[in-house]
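Student: Listed below, chain by chain, are the residues.
There are 2 protein chains.
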Amino acid sequence: MSWLPVPSDHYFSVNNIPFGIISTPSNPTPRPAVAIGEYVLDLQSFTSTTSVSGFSQLPEFTKPEVFTFEKTLNRFASLGRATHRLVRGYLQQVLSSDTPYPEILKDNAEAQEKCLINTNEEEVRMHLPMDIGDYTDFYAGRNHAFNVGALFRGRENAMQPNYEHLPVGYHGRASSVVVSGTRVRRPRGQVMNPASAGSEKVPVLAPCGKLDFELELAAFIGKDSDMGSSVGVDEAGEYLFGVVVMNDWSARDIQAWEYIPLGPFTSKSFATSISSWVVLMDALEPLRARPLERGTKVPLLPYLQESNSESVYDIPLTVSIKTPSGTHKISQTSSSNLLFSFSQMIAHHTVTGCPLRTGDLLGTGTISGTDTQGMGSLLEMSANGTQKVALGESGEVRRFLEDGDVVVLAGGCRKVGVGFGECVGEVLPAQK
Amino acid sequence: MSWLPVPSDHYFSVNNIPFGIISTPSNPTPRPAVAIGEYVLDLQSFTSTTSVSGFSQLPEFTKPEVFTFEKTLNRFASLGRATHRLVRGYLQQVLSSDTPYPEILKDNAEAQEKCLINTNEEEVRMHLPMDIGDYTDFYAGRNHAFNVGALFRGRENAMQPNYEHLPVGYHGRASSVVVSGTRVRRPRGQVMNPASAGSEKVPVLAPCGKLDFELELAAFIGKDSDMGSSVGVDEAGEYLFGVVVMNDWSARDIQAWEYIPLGPFTSKSFATSISSWVVLMDALEPLRARPLERGTKVPLLPYLQESNSESVYDIPLTVSIKTPSGTHKISQTSSSNLLFSFSQMIAHHTVTGCPLRTGDLLGTGTISGTDTQGMGSLLEMSANGTQKVALGESGEVRRFLEDGDVVVLAGGCRKVGVGFGECVGEVLPAQK
Ligand SMILES: [Ca+2]
Ligand SMILES: [Ca+2]
Ligand SMILES: [Mg+2]
Ligand SMILES: [Mg+2]
Ligand code: NI
Numbered sequence: 001m002s003w004l005p006v007p008s009d010h011y012f013s014v015n016n017i018p019f020g021i022i023s024t025p026s027n028p029t030p031r032p033a034v035a036i037g038e039y040v041l042d043l044q045s046f047t048s049t050t051s052v053s054g055f056s057q058l059p060e061f062t063k064p065e066v067f068t069f070e071k072t073l074n075r076f077a078s079l080g081r082a083t084h085r086l087v088r089g090y091l092q093q094v095l096s097s098d099t100p101y102p103e104i105l106k107d108n109a110e111a112q113e114k115c116l117i118n119t120n121e122e123e124v125r126m127h128l129p130m131d132i133g134d135y136t137d138f139y140a141g142r143n144h145a146f147n148v149g150a151l152f153r154g155r156e157n158a159m160q161p162n163y164e165h166l167p168v169g170y171h172g173r174a175s176s177v178v179v180s181g182t183r184v185r186r187p188r189g190q191v192m193n194p195a196s197a198g199s200e201k202v203p204v205l206a207p208c209g210k211l212d213f214e215l216e217l218a219a220f221i222g223k224d225s226d227m228g229s230s231v232g233v234d235e236a237g238e239y240l241f242g243v244v245v246m247n248d249w250s251a252r253d254i255q256a257w258e259y260i261p262l263g264p265f266t267s268k269s270f271a272t273s274i275s276s277w278v279v280l281m282d283a284l285e286p287l288r289a290r291p292l293e294r295g296t297k298v299p300l301l302p303y304l305q306e307s308n309s310e311s312v313y314d315i316p317l318t319v320s321i322k323t324p325s326g327t328h329k330i331s332q333t334s335s336s337n338l339l340f341s342f343s344q345m346i347a348h349h350t351v352t353g354c355p356l357r358t359g360d361l362l363g364t365g366t367i368s369g370t371d372t373q374g375m376g377s378l379l380e381m382s383a384n385g386t387q388k389v390a391l392g393e394s395g396e397v398r399r400f401l402e403d404g405d406v407v408v409l410a411g412g413c414r415k416v417g418v419g420f421g422e423c424v425g426e427v428l429p430a431q432k
Numbered sequence: 001m002s003w004l005p006v007p008s009d010h011y012f013s014v015n016n017i018p019f020g021i022i023s024t025p026s027n028p029t030p031r032p033a034v035a036i037g038e039y040v041l042d043l044q045s046f047t048s049t050t051s052v053s054g055f056s057q058l059p060e061f062t063k064p065e066v067f068t069f070e071k072t073l074n075r076f077a078s079l080g081r082a083t084h085r086l087v088r089g090y091l092q093q094v095l096s097s098d099t100p101y102p103e104i105l106k107d108n109a110e111a112q113e114k115c116l117i118n119t120n121e122e123e124v125r126m127h128l129p130m131d132i133g134d135y136t137d138f139y140a141g142r143n144h145a146f147n148v149g150a151l152f153r154g155r156e157n158a159m160q161p162n163y164e165h166l167p168v169g170y171h172g173r174a175s176s177v178v179v180s181g182t183r184v185r186r187p188r189g190q191v192m193n194p195a196s197a198g199s200e201k202v203p204v205l206a207p208c209g210k211l212d213f214e215l216e217l218a219a220f221i222g223k224d225s226d227m228g229s230s231v232g233v234d235e236a237g238e239y240l241f242g243v244v245v246m247n248d249w250s251a252r253d254i255q256a257w258e259y260i261p262l263g264p265f266t267s268k269s270f271a272t273s274i275s276s277w278v279v280l281m282d283a284l285e286p287l288r289a290r291p292l293e294r295g296t297k298v299p300l301l302p303y304l305q306e307s308n309s310e311s312v313y314d315i316p317l318t319v320s321i322k323t324p325s326g327t328h329k330i331s332q333t334s335s336s337n338l339l340f341s342f343s344q345m346i347a348h349h350t351v352t353g354c355p356l357r358t359g360d361l362l363g364t365g366t367i368s369g370t371d372t373q374g375m376g377s378l379l380e381m382s383a384n385g386t387q388k389v390a391l392g393e394s395g396e397v398r399r400f401l402e403d404g405d406v407v408v409l410a411g412g413c414r415k416v417g418v419g420f421g422e423c424v425g426e427v428l429p430a431q432k
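The listed protein sequences derive, respectively, from chains C and R.
Numbering of the first sequence is given in the UniProt record's numbering, commencing with residue 1 and proceeding in unit increments.
Numbering of the second sequence is given in the UniProt record's numbering, commencing with residue 1 and proceeding in unit increments.
Chain C with its partners taken away, still in its complex shape:
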């Protein structure tokens, strides 16, 4: 329990302590912070501007400057898992009712005044938490891969031969990753003119007619790996910093026309939204769960065999669409619907020697459950636009996203008091 008024089932309870980058009207410089309930602890002020540094009772933390002169979390992330654990644990202590250091914040009105922001009283703007060198998107949500494969190739041929043997993935576009709240313009792009089907294909330039979301988790890398060497699957956890919820916006009609033979390109690179607060790996430990079972008897190659059988996380995830009529939940699933873990993704990503860098972002791929109430994309829910998806009891329906729709992805476990909060994006009309 915290001495701050934070319910224990809040996503940002004292069990979480997620890190982010904030700015405020009174201090527009982006700077690191942690979230605690409806409050934000400004780590720049906490570190430097109180009469006694907030970290004075943590002498083992020798680099508090990562919170004072940095506009991203990259430098903090690069200090390694032991330091993340140390700092998060200390902040949990400082914020706990039975804190051993009441003089730091609990009984220090001046420090509270300078470092604590009540988000209900002062506007806090969130920024991209990390400088992202490379963004990779995997395809490890097997139910999604099956649903999509069945849609286009039939149930018998839904899965490709490589799928069970490696985490299929592709390089995404780092420059278009944006923080939750950023509005997303409907892309216009090259799509096949349906009238030309059958004869020679003739494309047209048009606003995307099949704009979709993709519900994913994504992990930030917190340690560089060397070019030409591979990270072992059981040491890969040391390379992880934290996790966010991600919306990999997708233009299905553009994708269908462009993706052969080199994969998705302009259909995915117009925007990818992530939730603002990075939940550190340690905070997710109580949520560990087993991944999906493989469908083949051929064993995984040893470089992908992980010692910990609870290699993914069982975190409730929801998708809602907000329209003028209200907020309508259209999907509910769990992040355990994955065939491969982040550690396996890292082991595979580096198997040929690709260097990882602190700040790299790895998406899981779309997460879908097995039933129609738990799908991670409209492509699946509407069977590629052939069926209507009801928005609750509103009478509204969707096949794909419409202008003005606000897509709200959310994830977290109230019982544990750990969650990501929301990843929100409003669809703007296409450019003229």
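Worth flagging that the hints you see were computed from the coordinates, not collected in a lab.
Some hints could be false.
Pairs count within a copy or across copies, as identical chains cannot be separated in the list.
[Claimed, not checked] Using 27 Å as the maximum straight-line C-alpha spacing, the simulated BS3-like pairs for lysine-lysine come out as follows: (1) 223 <-> 432; (2) 63 <-> 223; (3) 106 <-> 223; (4) 201 <-> 297; (5) 388 <-> 106; (6) 63 <-> 106; (7) 297 <-> 388; (8) 106 <-> 432; (9) 71 <-> 432; (10) 106 <-> 415; (11) 223 <-> 71.
Computed from a prediction, not measured in an experiment: that's the story for all the values here.
Fit chain R with the ligands to the given chain C structure using the hints.
Tutor: This is chain R with the ligands only, laid out in the frame that chain C set:
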């Protein structure tokens, strides 16, 4: 003509003035420079440490600090085409026999001593010239696309329906782009066990057995574009900074197993080498040429229709493999073998609203001519390993690259005195 002893048919003649990042034993800090013949002009020293600044006769250039405190060319690149033209033109004047400013360098022994490095006397180490935010690789070499398509699908089905209508491309891995001279470890990765063909596919982890190069040009972006808006094809030239030769190392056996359905991933992300000196767009103007003719009567969509019909460059390119027996040229072609220009790539890349950033790298895709002496990859030359490729008269043959092979890509036009120099990489054995 330069007052320095530089032959007019040198790739780095006074007609070129390419920019790069150097360090030297006496000053190990990476810093900007230009190449002039076998000499290097250290721009940090030229700007700051001579008694009179080297740019004192160019008052219009208001930001010489881009050469003194920067370890990449990004800030210089971001100043825009007009400034690139101004600075390059001024340096050409300073280095010309009939320079209007002899006091700056030609008749200034002290300045020469401080700024000019003779690369035959002092070792100059080259660094990656730009901080690369995102790297995109296109597939605009139509002869290559046809050769590869014919190899795997037959000549009748070689080309995919979208190929003539848009520059096919995919996101590459920025973290594995390295500068010429960097040695490249043969990747090990997941490949299909040939013994398992026909029954259920069983992969193995093995050193790549089909390591290949890809001969490409690549352009650096020199201007940011806004998310959600597109760059017009006729204004795209303003977004270009300069061009290098690129070797997009490729692991063909890993690629064949992994690439369905999302494109190349670990088979391409272990290394991509670029030549060290960035040739500015203005230096390439005399080499403009027409691209390949499209094979369809369906017109290009207007957003890809370029006013300048000479939209690509006719630059001789060669591929050599250096072994203990000597350096063997195995291919000679021209960079005009492209269906799409850099401007068209930019227009398409941004059509859905993807933001470009200064420092982004755009590869053309493998450049092959139409005859067997002008192919840009061993995949094509050896017909996927089914035929032997002779290394000159040495008696040595290759199907794919062997450990110890040094791949040397080179490009330039001696008549114009403009070239890229070499892009070199030695193949190291796979990790154990
Ligand atoms: Ca995705
Ligand atoms: Ca390539
Ligand atoms: Mg995306
Ligand atoms: Mg490559
Ligand atoms: Ni990237």
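Student: Which constraints among the numbered hints does this structure fail? Numbers only, ascending.
Tutor: Hints 3, 5, 7, 8 and 9 contradicted; others consistent.
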